[in-house]
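Just so you know, the protein sequences line up as chains Z and H, in that order.
Residue numbering for the first sequence is 328 to 662, as defined by the numbering used here.
Residue numbering for the second sequence is 328 to 662, as defined by the numbering used here.
Because the hints were derived from the structure by calculation, they are not lab data.
Check before you lean on any hint, since a few could be wrong.
A partial selection of chain H residues facing chain Z, derived with a Cβ cut-off under 8 Å [as the list claims (entries may be wrong)]:
#1 L407
#2 Q577
#3 G585
#4 G601
Here a beta-carbon is modelled for each residue, glycine too, at the ideal position from N, C-alpha and C.
Number of protein chains: 2
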Amino acid sequence: MRNANRRIVLRARPTGVAGPEHFAEEAEAVRAPGPGEVLLETLFVSVDPAMRVWISENPGYVQRIEPGETMRASGIARVLESRVEGLAAGDLVHARTGWQSHPTLAGEAVEKLPDGIGSPTDWLGVLGTTGLTAFFGMRAVGLVRPGETVLVSGAAGGVGQIAGQVARIEACRVVGIAGGAEKCAWLRDELGYHATIDYKAEPDLAAAVARACPGGLDVFYDNVGGATLDAALGNLALRARVVICGRISQTAASELYGVRNMGQLIGKRARVEGFVVTDFQHRFAEGRAWLTARMRDESLRHRVHEIAGLERAPEALGMLFRGGNTGKLVVRVGA
Amino acid sequence: MRNANRRIVLRARPTGVAGPEHFAEEAEAVRAPGPGEVLLETLFVSVDPAMRVWISENPGYVQRIEPGETMRASGIARVLESRVEGLAAGDLVHARTGWQSHPTLAGEAVEKLPDGIGSPTDWLGVLGTTGLTAFFGMRAVGLVRPGETVLVSGAAGGVGQIAGQVARIEACRVVGIAGGAEKCAWLRDELGYHATIDYKAEPDLAAAVARACPGGLDVFYDNVGGATLDAALGNLALRARVVICGRISQTAASELYGVRNMGQLIGKRARVEGFVVTDFQHRFAEGRAWLTARMRDESLRHRVHEIAGLERAPEALGMLFRGGNTGKLVVRVGA
């Protein structure tokens, strides 16, 4: 079917890690845009840990996706046909495309990319909600101050790679936890992390954190949760802030890990705080201005991990939970 | 031995709940005060959950007590002999007496009680660090605001009884968790708690919290920790604050409880924070002014649970961990 809209729909809710068996590909005729709508050709779609939450039985704070529905996702697309003022064929946009190749969307769901700032995939990664999550989580929730010691878990992931650099640029000493010597070397050599912990090579993570951060943690930016959170709680400095950004070790777990070190919060006068980046929507321009400036002066680097083919999006989602990606994971849809 | 200084010393570190088997009574001649010192006759000593931490192997944030040392404690005493300017025989003072009957202390360790404010035991309870812990924990850490729903665990204990009333006076809806129908009735009928949960009668504490607080918790003031903390984390409202004041269920536990509901902090944008009251020392006058005013207008009530006889202090410490006290626990030393 030429110019069909290919879309990936949820087939069955996963109980563990999500993968191809939980999704199906469908195709339908492209729908011509009505007044106030645009027809898009999707170039890239995002793959994020939160997606596993959206397709679960009880996502809690977001509307869940029902079987048969197209998978919700951010994407970068080119306008094919527009009935929206200010959008013309050929424009590049950032939109809630979902995992589909030719969505027809309301103009309000589409944002034209500014000229000359970042590449298309940057708008899913460092300049998208991924980078903004790192920026606001580290600064507005973690309240990092120069000279502090900052630990980041999931440091080689989409959010982690930016979070650690935000702290490094704020003159903190930054330590990253990642899986494997290759990721760790990249964090140190390319992203400027001061030290790394390869959790796959450490029999005792708490002891490894203690060695890497002998004065304790002022800020722990957590993307992993579970035993990683426990190891960090056992190594807090006075008045530490623990930022709960994600918990990828727990999201698809059959049984939740029990965190034993909560009592440390008393003597350390420490805080554990969760957040959702959309609460900072009114400050996204501020965050993007900072991130753009740091990209321009090359103090901020990042990697995009690209998978080719919309049909591989479900497989990519599973990769996240196996630590298969380095940097921000995206799926290339178009040619 | 007339006018001997009787003192309770640590004999052996407990591994579980502390009791008489971990302490010994000794007697020594009273020591006459040197320049800058006072000789006291202790009237009351305090018994606090934190004491179990001080005598443990690794208390973390305070100096531990060694076997053979007198048990550290706040007390109320009468001056018998003074070589300190401004203190005279007969004065009532608040001091770090320890569990002993006739300590000789440096003048700096002794604070004269102001006339006409509270009874002597009030200076160990509602006007002592117990009441100040409740006040600053609820207001400065919990940041309670009028109309919010506030849950207090250990609500019938020394700190809990005040904490709930601080929130009630701030126009919050206050729910207390306590053990037994009698304690619960007292919280509702005498202290003005709006609802109570008898944890001993509830097979599912999380469900009981959900029933008592259908809109979720804005503030959870936790003195208990462990499974109680988990039940509360499963019932948070958006932007909830969880104040970790104590964790009496865990302090003497042989194995720490693993908290499973940490993931709730993300979607609820919630915060868990520990504190130690001594960090608010520069604001104690403010706290005492508030508490005194509320005692005078009778909006703040409280109970002192008095045990007679210094030799029973170790037994009293064990009571705290068995929920044996209602209100602030003190030991009467003198006649």
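Outcome of the hint check:
For the restraint placing L407/H at the interface with chain Z, the shortest Cβ-Cβ distance is roughly 36 Å, beyond the 8 Å limit, so the hint is violated. For Q577/H, the suggested interface contact is upheld, since its CB lies about 6 Å from the closest CB of chain Z, less than 8 Å. The criterion of a C-beta within 8 Å of any C-beta in chain Z is met by G585/H, whose closest approach is roughly 1 Å, and the hint holds. Hint on G601/H holds. Least Cβ distance to chain Z is approximately 3 Å, under the 8 Å limit.
The structure fails hint 1 only (numbered hints given earlier).
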